[in-house]
Each structure stands twice: as structure tokens, then as C-alpha cells.
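Asker: These protein sequence lines map, in sequence, to chains A and B. 1 is the number of the first residue of the first sequence in our numbering; add one for each residue after it. 1 is the number of the first residue of the second sequence in our numbering; add one for each residue after it.
FYI, nobody ran anything at the bench for these hints, they're computed from the structure.
Covered by chain B, per the in silico footprint, the following chain A stretches (three or more residues, Cβ under 8 Å):
1) 214-222
2) 350-360
Stretches of chain B that chain A covers, calculated by requiring three or more beta carbons in the stretch to come under 8 Å of a beta carbon on chain A:
3) 149-155
4) 158-168
5) 237-243
6) 255-265
7) 272-281
8) 368-382
Keep in mind the model is a prediction, meaning the values are calculated, not measured. C-beta: ideal position from N, C-alpha, C; glycine also.
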Amino acid sequence: MRIGPNGFDGRRIRLGIIGVGDVAHRDYLPEIHRLADLAEVVAVAGRSGARAKATAERYGFPVWHCGYQALLEVDEVDAVVNLTPWPMHAEVVAAALRAGKHVYSEKPLAPSAAEARRLGDEAASAGLILASAPSVLLFPQVLRALQAVTLGQLGPIHSARAWAFGGVPPWEGYASDPSPYFTALSGPLTDLAVYPIHALTGLLGPVTWISAASSRTREEFTVGDGPAAGTRVPVQSDDNWHLLLRFSGGALASVEANFCSVGAAGPECQLFGERATLGFSLLDAAAPLVRSASDGWTEETVPHDRLSGPDHILGVRHLIECVLGRVRPVLTADHAAHVIDVLEAARRSARDGRAIEVTSTI
Amino acid sequence: MTTEPLRLGIVGVGSLALRAILPHMTQQDIRDRAVIRSLCDPVVERAGAAAVEYGIPHVAREVDELLAEGDVDAVTIASPIGMHFEHGMKAVEAGKHVHVNKTMTTTVKEADRLIEAARRRNVRIVASPGEQLRPQLTRTRELIASGAIGRLAWAVCGAAFGRYHEQEEAVREDAPGGRPIDPSWYFRRPGGGPVYDMAVYALHGLTAVLGPAKRVTALSGTVEPVREFMGRLIPVETDDNTIMLLDYGDGVIAVVHGTAAGMLIEDFGAGQFFGTEGSIRGLCLNGHPFDFPGRELTLHAPTWDWEAQMRVLPHVVGPHREIAESHVFEDIMQLVDWVRDDLPSSVTPEHARHVIDIIESAYRAADTGTTQDLSTSFDFPRPATHSPM
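Just chain A, with the same shape it has in the complex (with noise of 0.2 Å):
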């Protein structure tokens, strides 16, 4: 038998879910049977213990618990899958770390780029892994396009454009009450401006400097339809956000992210070159890319496990494949604390009404 890495001889990686909320169900409990080869889920864990016991039975995870300390305790989990809530995050993951599991966590890895590197040290410390969502950098038509500007097919990008948005929380689909978007804290900015910069800084490198402005399109509103209909919601974080970014290679970017507005604005990234443009959604792995030629535009859909929307599942993946030491980790607690740093810097210069230099890279 090949003695692997990590103590990892040939036998699979043992994962304990944390949280059962929408994501989870959405996004990642649908997908996990693709992970079969490399790893098991062994425990799940939900602050409500019997979400938790009716995850557990619909999926066949052999154990459930209420509460993450529980799983934790549990010798034979390897690694934590951490679907919390945001507020949760950083705090599940310490734990995790302390307990010696190796972590995905979904984004935001931490509430301040200061904690999200603390994170990044303890796991590194400790001879652990740590990745951060959002994958968005390991899906296929990403990846694609991370090969072309690689490759310089497009020649050096000049500019380019991404966006997040599609429409008021909670979307169809999301069962609870959608107010935690809308805190002070909360907002597009944090849940969904990630995509796209995580998506830019990728591709183009580390932010340098950022303008931004910001509006807030209304007070509050109350729930139309589905579960938490008739809820009303205080909006206190603004929920228009518009970014320039300036890369360290000299490209700029704009990147939209809201929570007021529908519609679709074309390819959700968009790379301007020299030689071509190159167009590819954030969101959909079935979408093709649209590359400019001479003579128009051609399309090219690239190979993908998930049949449509964001494969988030690869993330999970990426952090097994870490912990067999195949691959070289990408979705690091360095690059999770450089976005939130973009973050943190969009909302000084929108307030302020000035550019902000960000000095950490990736």
C-alpha cells in the first residue's frame, strides 16, 4: 500500500459536515457523491440537532450531532466542511483548527482580513490545511480562462468587468428569514462582491488600489413570497455597490454587486485584451465562454461535473487534494484576507469619497 502524506495510506479522507442551513443543501449535500473516491462523510452537525438527524438520514452520514464542539471531538474526522452561518465562521474554524482537523470553510473566511491571516497562521502552524471559499477560481470555465490570459491568448488585459447581483434575498428557493443580509455588517458587498473579486485578483493579480461608490435604494421591505413571507426587513447596510480596482500588472476592473437589481449584465466576467475579449460566467459551469475573433464571436463550453450554477463542491475537493499533498493550495487563507482587505478598503473610499491603496498581495 503507498503511504501517502498527511499519514493518508491509500484510504479515504474522513469529513465531518458543520451546518445544514440553505447553502449546504443547495450547493454542496447535492454534489458530495462525486467526492466518493477521495473521501466519506463520517458526521454532519447543525445547531439543530434534528435538521441535523434528517440531513444525516436523507444523505446516509452515519452520524449526526447538535452542535459543532461534538463533531469535533470526534477522532475519526479528518476535515470539516464549515456551512455555517458568516457570523459563525471564524469561530468554527478556530475550533477546528485547535481540534486538528484540516478546513473548508465557505466565505467570508473571518469578518477582518487580520483574522482571516490568524486563521491562515494557525492552520499553518499546526501543519493543517485551510481553504477558503469561494471556489470560484477552481471552476472549469474559470480555470479556462485563467489559461488563456496565462497563456497570453488575449493578449495583456487592459480592463474588465464582473458583477454579482440578481434581484432582493431571499431568492427562490432560500427557506429562513433573509434579514441577516441586510445588516450593518452584512450586505452585497460581503456576500456577493466576493465572487467577482476572488474571480479578478485570480486572474489578474493583487488589488493595488480601489475607488468605490455606494447607495442604498431603499429603507426596508417586507418579504414577498415563500417561507418568510410577510417578514419585514430593516435594510441597514447599503445594497449598491460599484468598485474600480486597479491590479498590481496596471489593469483595471469595474465590479458591480447588489441587492436591488435584476436582470442579467451579459457574462458575469468579462477581460478585456489586447487581442480579445474573453467572456465567462461566475456562476454557471454550463455557460460557454464567447472569446472575440475577426470575424465575430465563438463559443466554447468546457467540460463540467455539476450540470448548471456554481460548482462549490470543487472547493471541497481542492482541500482533499491538499491534503493528499497533490496539489498546491489555491482558495488560502492569504488570498481569503487580501478580499476582505478589497472589502474593507471599498467601503473606506465610498465613505470617503477617495481612492484606497491596498499594500497585502496574494
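Given chain A, work out where chain B should sit, using these hints.
Answerer: Okay, now just chain B, sitting in the frame of chain A:
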């Protein structure tokens, strides 16, 4: 009012004059309304060759010469953007009516002086691009005002174009008179760069729909320090890459791109508008084509098919639909109608000045890192119930 055709001079016999202004303005159908009497260009052999080709009676090397001896009532200024102010002032001070191609001037101060001089000399100025003449944009404005997309939240528009000025071989390398048309001014100050040259259309369109903006911030820079034309290197002195955010107040923010690389995806060059209940992208409301007067004339072409979209302009009829850049012809005819028939045009220098304010302030915001208040405005009356056709 006069029955004689307006006598026009063309200042600058470059690619625009050769590709658009001369072919349009020498068509039979407008001979009783306007006639080209003089061409002026420092490359006088090019002006001369074009004059022979189009039967123009007078050629000048200098603007002063055209104004003094060209026997003209008005001029269209098609020189490099950085020279528009000087040429415009000379024409106005000589008592000539002026059509200025985009962008009218490079600073608000110059625009103020030009507008003031025109008032003092009692001459008309029409400043391209007359995006507000397009029924597509009038309809977009009406749809937003009627609440068709709920409350407006943001908009995006702009321009991205690769090495187009360096690669216009047909018009530049084989220009009449034998000397190629040098594009290096597009990368020199003042007046070079993709914002004055290209994003200005998007800014005119945006302000035709939303009116004057309040504040602007921007990031700007140069990605490619050198360009090349016919084997000769052109040092790039201007920013070749700019993105700005316009604050309209009431929570409305607009994003404007101007980059000399790539090409636009879809139709955000024509402007996209996003509201709480829907969106207008190109010529579609929530994904469905909306109607506007003359839509059938565009042959339902996509918004990026510029020439097809311009077929709906009021003067663009008959042969003009087949000649390049018919929007320039339309703007010149706006001046002709204003001077000959006393029909005031909505394509005003005040609107152009506001766009110039946006551009100048955006560059200042990028230089200083501080959001800039805009100091100018322009008349923005409520949309007419019926679009003039």
C-alpha cells in the same frame, strides 16, 4: 431663412472627412441645402486630391486661410480633438457657424470660452455626437420614467476597441495625395485616449437618457506605452484605459468604461439600465425588444451594428443610409437646419460641455484620488410625448 445652400468648409481632411463627411455632403439630395466650398489640411496635397475627387473649389493649408478666402458660412471641424478649441474659436471669431465633431474641447474652460464667443458673435454651434436625436434613447428614457424597470439603481456603458486606429489601413495608408493619415495624435495630449475618442459616445448617450450627473470618480492609466503604425512606433502619452463611476444622486450610480483594447461583449456600449423591477439592455426591456419610431429601419440589427442603428436619424435617408458614419452627417444637417431654417437643434454645446466636465473631472479624480463634484449642467426638458421623426 435663406434659399441658398449653406456654404461649408471642412477643417481637417483626415479619415472622418474622407470616409464620411465628403461622401455624405456631396450627395445630390442635399445640394439645395448645403454645399462644401473649401477643404483645409496641413497636408495640403491630401486636401487637394480630395478636392479634385469631390469637385471642391477651394483648398487651404491653414484654418485662417479657409476662413478668410474659402467663401463659407459655416465649418465642420474634423481636426484632431486637441485642436478643436483653437479651430472652433477661430471660426466663431470669424463669424462662422460651427459643427464640431466629438469631443468639442478637452476642458470646461475651453468649452465656456467657445460658448461665450458664439453667443457674442451670434453664431450657432452644434457639438457631436448627437446621441439625444436617437429615438432608441428617447424611448429608453421614457421607459425608465414610466417605471418600466421599477426604481432605477444603476447603469453601465462604455467603449472597448483594440488597435483600430493603427489598423485602419484602407483609409489611412491609401489616403488621397499619397501621404498616410497619421493616427499618433490619438495617443498624445491633449485630446488623445479612448475616453475623448470613444467613451464620449457612451457618455452622451448616458446623459441623453439620465441627464446631467453630479459627481465622478475614476481610475485611469496606461497599459501599453507604445503603439505602432506602418512600422513606426508611437509613444503613448495619454491614458489608454479609464473606468469611471458617475453619481446621479437618489442612489443611482453609472459605470463608464473607456479602454483601447478588446471589443465589447453584447451591447453595453449602448447602455444598460438596471432597476428594482427590471432592466433595459441594448434595445430590450427585460429581454424583449421594445418598440421605437423607426425600429423597422434598423432591420432589427443588434445595438452594436452602429451604422444600422443610425438609419433612424431624421436626415439619414436614401443614399445616406449606405454611407459610413451617418450620425456625423445628421449632426452637420442639424446645424444646416438651424442656420438656414431657424430650427434650433438639441445637439448643444452645453450638453457637450457637461460631458467634457465628466471626462476632465474623471481624469482629475484619477490623478488626485478624490471624488470630484461636477460644475456644469445642461437643459434636460421632460421627454416629448411624441418623438420627432
